[in-house]
Structure formats: structure tokens, C-alpha cells
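Enquirer: Top line first, the protein sequences correspond to chains X and C.
Under the working numbering, the first residue of the first sequence is numbered 224, with each subsequent residue one higher.
Under the working numbering, the first residue of the second sequence is numbered 775, with each subsequent residue one higher.
Just so you know, the hints here were simulated from the structure itself, not pulled from any lab data.
It cannot be assumed that every hint is accurate.
Claimed, not checked - For each label pair, taking beta carbons as the anchor points, the in silico distance ranges come out as:
(1) C:E1118 to X:K385: 17 to 25 Å
(2) X:P688 to C:W819: 56 to 64 Å
(3) X:N245 to C:P1230: 54 to 62 Å
(4) X:A295 to C:P1230: 55 to 63 Å
(5) C:N917 to X:G409: 53 to 61 Å
(6) C:G946 to X:G409: 51 to 59 Å
(7) X:N420 to C:S1227: 27 to 35 Å
(8) C:A810 to X:N420: 37 to 45 Å
(9) X:T424 to C:S1227: 44 to 52 Å
Said to hold, decoys possible - Simulated crosslink set (DSSO-like; lysine-lysine; CA at most 27 Å straight-line):
(10) C:K1113 to X:K246
(11) C:K1125 to C:K1113
(12) C:K1125 to X:K385
(13) C:K1125 to X:K376
Unchecked claim - If you only want the chain C side, here are some residues facing chain X, beta carbon under 8 Å, derived:
(14) F794
(15) Y1154
(16) T1175
(17) A1177
(18) V1180
(19) W1191
Backbone N, C-alpha and C fix where the C-beta goes; we use that ideal spot for every residue, glycine too.
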Amino acid sequence: MLLLVILFLPLVAALAVYLSGNKLAAKVALVASVAEFAVSLVALQHVAHSQFEGLSYFHAWIANPNISFGIACDGLSLLLVLLATFLVPVIILSSFGTEQANARSLYALILLMQFAMIGVFIATDGLLFYIFWELALIPIYFIALLWGQGKDKAFIQTATFKFFVYTLIGSLFMLVAFIFLYSKAGSLSLQALYGLNLSYTEQIFVALAFFFAFAVKIPVFPFHTWQADTYTEAPTMGTMLLSGIMLKMGLYGLLRWLLPVAPQGLQTLIPYFIVLAVIGVVYGSILAIQQKNVKRLLAYSSFAHVGLIAAGIFSLTNEGMQGAVVQMLAHGVNVVGAFFAGEVILRRTGTLEIHQLGGIRSIAPRFATAFIIIVLASVALPTTNAFIGEFLLLFGVFEYNTWLSIVAGLTIILGAVYMLKMYQYVMLGEKRATVSAFPDLTTSELAVFAILITAIFVCGVYPKPIMEIAQPALTEILKHTLG
Amino acid sequence: MRALTYTSFLGIACLVLEIFNLRKIVVPVVVLALLAILGINFTEWNGSSVSFYNDMLRADNFALAFTGLLIVTAAGLVAMSGSFYDAEETKLADYISVIVFTLCGGIALVSFSNMAMLFIGLEVLSISLYILAGSKRRDIRSNEAAMKYFLMGSFASGILLFGITLVYGATGSFNLVQIGVYASEGNVDPIFTVGVIMILIAMLFKVSAVPFHFWAPDVYEGSPTLTTAMMATLSKVAAMAAFYRLFSVSFVNNFSGFAWILSVVAALTMLVGNLTALNQDSFKRMLAFSGVAHAGYMLLAIMSLYQNSANALFFYTVAYTFASLGAFAIGISVMKRRKSEKIEAFNGLGKSNPFQAVALTIFMLSMAGIPPLAGFFAKYYVFFEAIKTQHLAVVIVAVITSAISVYYYFKLILAMWTRDSEEGEAAAGGAISYVAIAAICLVVTLALGVLPSLVPSISQMAGR
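Produce the entire structure from the sequences given, and follow the hints as far as they go.
Expert: If you want it as C-alpha cells, here you go:
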């Protein structure tokens, strides 16, 4: 029952928000999403004590094909559900104090997307997973399209459309793979798929189809070309949802649906996958260094960071996977913080072009402090949340291949280069005309930063509970993957 | 098979109503009568699939299910025709009776078990449609469409008749089951094969599959929009079901020889339909090409003649019919209001009439196969049948073209939500019947997306 509440509460909330009208929408959405977070904390309590009662639900759904409404929540799922339920209220809070056109639709779409993303993280039936996966795409498409903040409307349409089609093509290949698996197993439940004996060629085919679908979403090089434009053009709330939570759907898919289902095929393909991921790490960092727009820079930085997470997963080591889990959470928090810092600047100056900004620190010291903490967390300074994650990821890749880990390790150096350079240009130096009137953080903005920074340090100093909760699920996945 | 009898009577009754000058009540009377026939139709459900008139027709579940779908479609079309033909009140009863006769042809097409009945059904359907295509008598485009459709259609009927004759020459029978017995004995006469290929070509023509699709866009565009809706839904579904019925009963045993032809045709249909739809700026033409593409997806079900593939085909036609009918219901009222058939006519609909915009968006998403809508399960089922019969290559083509199709469906969605219109803030949704039909189609599209099991299984088919 508990899990059903977690899943459906956002859906009910979306309806309530829509009905509550434009004036109240943001407040109702915030209250509902905080309630959702509270409920998911109860689930955390259960999982921490290894009580999984009420955390799975099974109901026959469609007789032909044999599809069930099966949801379950182990440690891995729970952590990602928590990420979603934690970030959505923060994202909603981040919009307080701004005027949104047609607010009730916007917040209803955000909650609808939360519903779909939670569904992705807990579905145990392939087709259900697929349905939630696609369902998540529709709200974010409309959020990006209708509330996009780029000046050129035609370009917003092109960018969001590219995003939609790109991910849809990936998903359709996943659908073909699922149909193929169904014709073999007669069911798409996780157990049936984990127990399936596929021939080597079939596994290669399935692994490629899944990889394509997930790689577009993550994104892994060379499937990333939709990302920067969409991140830049979407409203910041949309960008936060995309980068903070949605791309984790791809990484989660790798762990849950690709690795254990096609292990032997994977063994052959992993060298290619991991090299693509590491190319993304370096390439993304180099692109980030050259960017002249804060949001674009952050988009490429996000591309680089998730490349490393994917590489860690493909290392097929316990350390790599633990790192992936920790870093998924850390990256979610940090990237939302970074995009929010960008949003704060945009609200006050109307621009995110780096060369037009400068000297903000001297007039907005509170913002400068918050921003530097986010920046330092992004470059994985020890005691921040990203440090332990990146360390484990690099360790995992190191166990796979020393040279590869050295190349991937460049991300730490390059990451420091572009983040600190950006901070330097935007925040320090001479005061530019654009920042002449730059009021410091408002209460709600301060609250957003305070929540995120607390999370950064709590997870950075004491990441052990995260790893303990994730471990049983990861052990299970590794057992199926390595045979 | 009482539905066919009653429907024929209903068609005549329409004309009688006209004689007694009861024009005003003809629409509600016919809609109610059709719904009653729908109920009667399903009293025979799961019956012993009795045959009628010397085994001319069979009322098996396949026939009954498709008959039900056709009746619902026709009821929707009749309901809309009241305000569609408001400029030609004097002709209304005539048009409605022709719509009902089209339905008769459709019912014969989905339940025939004799080649003669196939031909009669097809002709009744087609001739009614020729009339309806030309029903805007003072519109030159409507005349052109009727003429074009008539010429092309009679050509195809000729080929069909020729094929039937050759098959009769080889087998000595018009009966589907007996033809099936002959075919399964092996060692068939070459003229049998030639006959089957001619029948195949005629059927491909009727379902507007590539390379026999060229008539469809012109005819769709020129015809009155309500007739276009009828061709896209009722006529296409009936022809598709007839195609399936014919091949699954008579030619299933030596089907492997034709399967590769069908797979090439299906792949081409999906590619050409979807790629040509990309460049259309007229709403009707876009839906015409999208209809061509959907015929390609339905061919996937025919290609994999398993027992279940009848279910896949039926589900696909249900999902497609409701999405199309709903789209036309909204399309007709918007195009009438804004006096244009271009996609630009839908600009700013999201602001001026959110219900229509949301509903049309959902119909487009369903046609594109996005879950959790009916169109998604439709695609899922046909892909599944095709993969089960080792047609992986065609499925990959289908997947890629599905992604392409998103482009033109989204052109409409983008027009509705992101462009501005000259129209004021709130615009009326057209006649109440349009709103009601859009709402019903919307409910069905959403419900089948969540509970696809609502569509009954129709695997039992006579003669299999």
C-alpha cells in the first residue's frame, strides 16, 4: 500500500493543482510534493530496517499479452525515488517569487512527470517500465516547449522536437527488444527476464537495443546532441527536472534492465560502451571549457559527469556501481543547485552570457557563498557529496582498466578548470553594467540553497547509509550479471 | 447476421422518412436505430457461428466484432452529418441513407464466406462512397474526387472480379472454405496463383497500400470532409478486415509465397505514407497520408496470419478508428469555423478552445503510438505478431517510420499550442454532436490505453 501511495500521490496532486487555479497552483504543488517526500521517508524507514512489506504490489493487468501491474521497491529503487521526491519540492520552491504563465498547467505537468519518473524507478514489468518511461517524456516536452525561456521561439521548437524524436527513437528500439523478449519468455516480469536463457547473438541484439534507448537519455557520446540545446532552451525548472532526475532514468535502466538481462552479450560490448562513456567525459569537459553561456556550460558539464557514472556502471565492479548510485544522487543535487544559481543570475540580469557578467560577489555576498559551495561540490571537493561518488567511480574504472581510469580522471582537473573559470568571470572581477542592480538572495531562494547545501554536506560527510541501502540490490544485480 | 438485414431496412426507412417529410428527426432516429442494431449484433456473440443464405455469410466472432466497430463508426458519422449538411437540408435524408448503405457493404465485407459476397459487399461500399464523394454537388473538387475515385475504384473492382474468376476456374468454387481446401492440397494450378495475385492487388488498392495508394490523397482532399472521415475509418477498416478474412480462410496454407510480397508492400506503405505526410500543409491530406501509413501497420497483422493476429488487427482498427473519428470531429468544426483546411487553421487552438486542443493532441499522440494511449497497444500487438513470425526487418522499418510520423503529428500539435491565431480568447466548439463524438473518442482512446483487455478476443473464426 505504501508504495501505491508513493506512486499515485503525485498523480492525484497534479489533478488537485490543476483544479486549484493559477493563483494557488504553486503553493498546492509545494505542499503536495512535500507530503510526497514525507511519505517516501517512511518508505526509507522501512527499507533501512529491511522491512519490505508494503513495498511491493502486484496485480494482473492485461491478460494478453501477459502484462502485470507490478511495482516493487528495493534499496536502489528507493534511493532514486527519494531523489525524485526530494528534488521536486526544491524545484517547485525555486520558482517562488516568479510569475508563471498558466501556472496550474505548469505545476500539474511537473507533478505528472514526477509520477511517471517514480513509476520508472519502481516498475518490475518491462512494459509497465516502458509505459512510464514514455509517459515521462510528454510533460517535459510540453514544459520545455511552452515555458521555454529562449528568445527565438522557432529555435525552442526545433530543440525540443529534436529532444522528443531522439529519445522516442531510442525508446522504440527498447520496445522492439521488449517485444522480442516477451516472445521468448512469455512474460516481461523482471524475474522471468533474469531467468531467461538467450543465445549469444540474441543477447547482443537485446543489449544494443537497450543501450541505444538508455544512452540517448543519459546521454552517452555520441547520442548527446539533443542535450545542450534542450537544456538551454527549456525553462530552468524543466532543465532541473531533466538533468536532476530524468537522466537518472537512463542510468537506472542500465543497472536494472540491461546488465542482468543480457550479461553475456554485454561482456562483448562493454569495451565499446565504456570507451564511449569515457570519450563523453573528456569531450563534454572540453566543450564545457569553451562555452560562453552559463547554462550551456552546465549542460556540457552534466554530460561529462554522467559519462563517468555510465563508465562506472560498465566497469561491472561493486565499487563502480556503488559510486554510480552515490554519484547519481550527488549529481542530481549539485546540478539542480548549479542551474538554480544560473536562474538567480538570469532573473536579475536577464542574461547568462559569461562575458556580460562580472563582479556579482561584491554586491551579493550571500549568493556568492552559496554559489561557490555548489561549484566546489560539482568539482568533487572532499567532504562534499560528489567526492565519494567520483572516487568510487574512478576506482571502479581503474579496476577495469588503468589507462581508461587515467583518461576519465581528467574530468576532475577539467571540471575544476571550467567551473572555477566560470565562477571567476561571473562572480569576481570588475562589476559590469548588467549587474548594477543585483539584490541578494530572497528568502525562498535562500531556502532552496540552504536545503541543497545541507544535502551536499550530509551526503558528503556521511555517505555510508546510502551505500548500505543500495548494497543488497547491487549485489543481486552483480550476481545476475557476472553469473 | 441480423445486423445486415436490419441495417438494409434502416437505409430504406431513411428514404421513407423523407417521403413523410420527417427530415428533422432522421438523425436521432438513425443513430438510435444503429445503437439498437449494435445491441442485437452482440446477442449472437460466441454463438455457433451459423452460416446464412447457403453459406454466403457467417456470423463468427470476427464478423460480429468488426460489424460492431463499423456500426459505431457509422453512428458517429450519421450524428455528425446533421450539422455537416446544414446547407443542404433537402438532401440530408438521402445522404444518411447512403451512409447506412455504406455500412451494409461494410458488414457484408467483414462477414462474407463466399467470393460473390465479397464482391457484392465491396461494390455496395464503393458505390455508396462514390456518391458521397460527390455529395457537395456545386463544389468542383468534390466532383473531381468522385470521378477519380469512381474510375480508380471500378478499375480495381475489375481486377478483383478477374482474380475471382481465375480462382473459380482453378477450384470450381466460390466458397472460401472449399477454396481453402483446394489450396491446402498442394500442387495448385498456375491460374490459381495468378488469380490470388490479382485479388491481392485489388485488396491492396482498396486499403490504399503502396504502390496502389495514389488515388487516396486526391480523393480524400477533394471529398467533403465527412466523407473523407468515412473513407479513412469505415471503408478502410472494412476492406482491411475483408482482406484478412479472405487470406486467413482461403489462402493461409500457401501463404508463405505471398508473405514476402506483403512484407515489402507493408514496408513501402509505411515509408511512403509517413515520408509523404511530412510535407503536407493541408489537414485532410496529412491525415490521408497518415492513413496510408496506418494501412502499412495493419498489413503487419495480415502478414502474420496467426490466430492472434486477428486480435491484433481488430485492436489496431479500433484504436485507429476512434483516434481518426475524433480527429475528424474536431477537424471539421475547426475548419468550418476558420474557413481553411490548412494546418495553420489550427493555430492557437490551445488558447481559444482548450478542450478541442487537448483532445486533438491526444488523438495525434495515440496515432503516433505514444503510451499510455490506445495507439501504443495497437502498435505493440501488431509488432508482436510480426516478430513472432520472424519479420524482424519489417518491424524495424515500422519502428523507424513510427518515429518519423511523430514529426507531422507534432506539426499539428505545435500549431495548436505555440502559434497565435486571430481568433478571440474563447471559441465555441461547434455543434453538440461534434463535441460529444470527440469526447467519446477521447474516453475510448484513454481507456484502451490503460485497459487494453476491454477489447474482446475474436480468435474464433469460422472455417479455420
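Enquirer: If a hint holds in the structure, say so; if it does not, say that too.
Expert: Do the hints match the structure? See the list:
1. Here the CB-CB span from C:E1118 to X:K385 is close to 23 Å, well matched to the stated 17 to 25 Å.
2. For X:P688 and C:W819, the Cβ-Cβ distance of about 59 Å falls inside the hinted range of 56 to 64 Å, so the restraint holds.
3. The hinted range of 54 to 62 Å is not satisfied by X:N245 and C:P1230, whose Cβ atoms lie roughly 44 Å apart.
4. Between X:A295 and C:P1230, the C-beta spacing of about 31 Å breaks the proposed range 55 to 63 Å.
5. C:N917 and X:G409 have their C-beta atoms about 56 Å apart, which keeps the hinted 53 to 61 Å range intact.
6. Our hint of 51 to 59 Å for C:G946 and X:G409 is violated, since their Cβ atoms are close to 44 Å apart.
7. Separated by about 30 Å at the C-beta atoms, X:N420 and C:S1227 satisfy the suggested range of 27 to 35 Å.
8. Separated by about 55 Å at the C-beta atoms, C:A810 and X:N420 break the suggested range of 37 to 45 Å.
9. As the Cβ distance of X:T424 to C:S1227 is approximately 34 Å, the hint placing it in 44 to 52 Å is violated.
10. A distance of roughly 37 Å separates the Cα atoms of C:K1113 and X:K246; the hinted pair therefore is violated under the 27 Å criterion.
11. Pair hint C:K1125 plus C:K1113 holds up; C-alpha atoms about 18 Å apart against a cutoff of 27 Å.
12. Between C:K1125 and X:K385 the alpha-carbon distance is near 25 Å, which keeps this suggested pair within the 27 Å criterion.
13. With a C-alpha separation of about 17 Å, the suggested pair C:K1125 and X:K376 falls inside the 27 Å cut-off, and the hint holds.
14. Interface hint status for C:F794: violated, as the beta-carbon distance to the closest one in chain X is roughly 50 Å, over 8 Å.
15. The interface hint given for C:Y1154 is met, as the beta carbon of that residue sits about 7 Å from the closest beta carbon of chain X, less than 8 Å.
16. Hint status for C:T1175: violated, given a least beta-carbon distance of 10 Å to chain X, over 8 Å.
17. Interface hint status for C:A1177: upheld, as the beta-carbon distance to the closest one in chain X is roughly 4 Å, under 8 Å.
18. For C:V1180, the suggested interface contact is upheld, since its CB lies about 6 Å from the closest CB of chain X, less than 8 Å.
19. A least Cβ separation of about 6 Å between C:W1191 and chain X falls short of the 8 Å threshold, and the interface hint therefore holds.
The structure does not agree with the numbered hints 3, 4, 6, 8, 9, 10, 14, 16 stated previously, though it agrees with the rest.
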